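S.K.: Sequence:
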Amino acid sequence: FPVTIHPTKKKRIEAIKAGFNKSNSEMITNNVVKNQNALNAEKYFNDALLYARYPSYNLLQYNLEQSMKACKKAIELNPSFMDAYFHLACIYQALGTKFNQSKQYYYSLAFTNYNNVLALETNSPGVYNNVGMLYSEYGYDFNDYNSYLNAIRCFNSSISLDPENSSAYLNRCIAYLDI
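Per our numbering: the sequence shown ends with 211, consecutive numbering throughout.
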């Protein structure tokens, strides 16, 4: 499955660098620990991306599990690491589409992680688009009319944040057709 990188990576890197450049020595001492956790979280997140980007066909399930573990470790080190929540949600969403017997379980984990991202950053059109896709998949898999309505709301939010987001327009049209 394609891995989507959350658009705030540049902000995170700048914030980490800014933390090391503070002049107040007390703040530096406190921030070094925080920044070390942030850097370690970044390392685990990069490991998660590697597992997801280069999966071996025979080891796909193993690689996704390793990617999930790395994301969870990154979140443990930095609870406001929204890219890790986003990637974890994408993995759960992909697993939900793959495994029929566990769809509801994986979809609920995906919703939880997308909600964590939206709690940290409410102005992300890509996240709203992915949540809309998740609602659409849920609506299709469980014949749930309200999920399609929620999907359309999410696509509308994505479009209002980024009017040039063509995938949100397309996904909204598909959701309307599926109703």
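It is worth saying that the hints were derived from the structure and are not from the lab.
Source: prediction; values computed, not measured.
Please note that the accuracy of each hint is not assured.
[Stated by the list, open to error] Below, simulated BS3-like cross-link-like pairs (lysine-lysine); rule was C-alpha separation at most 27 Å, straight line:
#1 Lys101 with Lys135
#2 Lys101 with Lys130
#3 Lys130 with Lys105
#4 Lys104 with Lys130
S.K.: A separate judgement is required for each hint: does it hold in the structure or not?
M.R.: How the hints compare with the structure:
{"no.": "1", "hint": "Lys101 with Lys135", "result": "holds (20 Å)"}
{"no.": "2", "hint": "Lys101 with Lys130", "result": "holds (19 Å)"}
{"no.": "3", "hint": "Lys130 with Lys105", "result": "holds (24 Å)"}
{"no.": "4", "hint": "Lys104 with Lys130", "result": "holds (21 Å)"}
Of the numbered hints stated above, none is contradicted by the structure.
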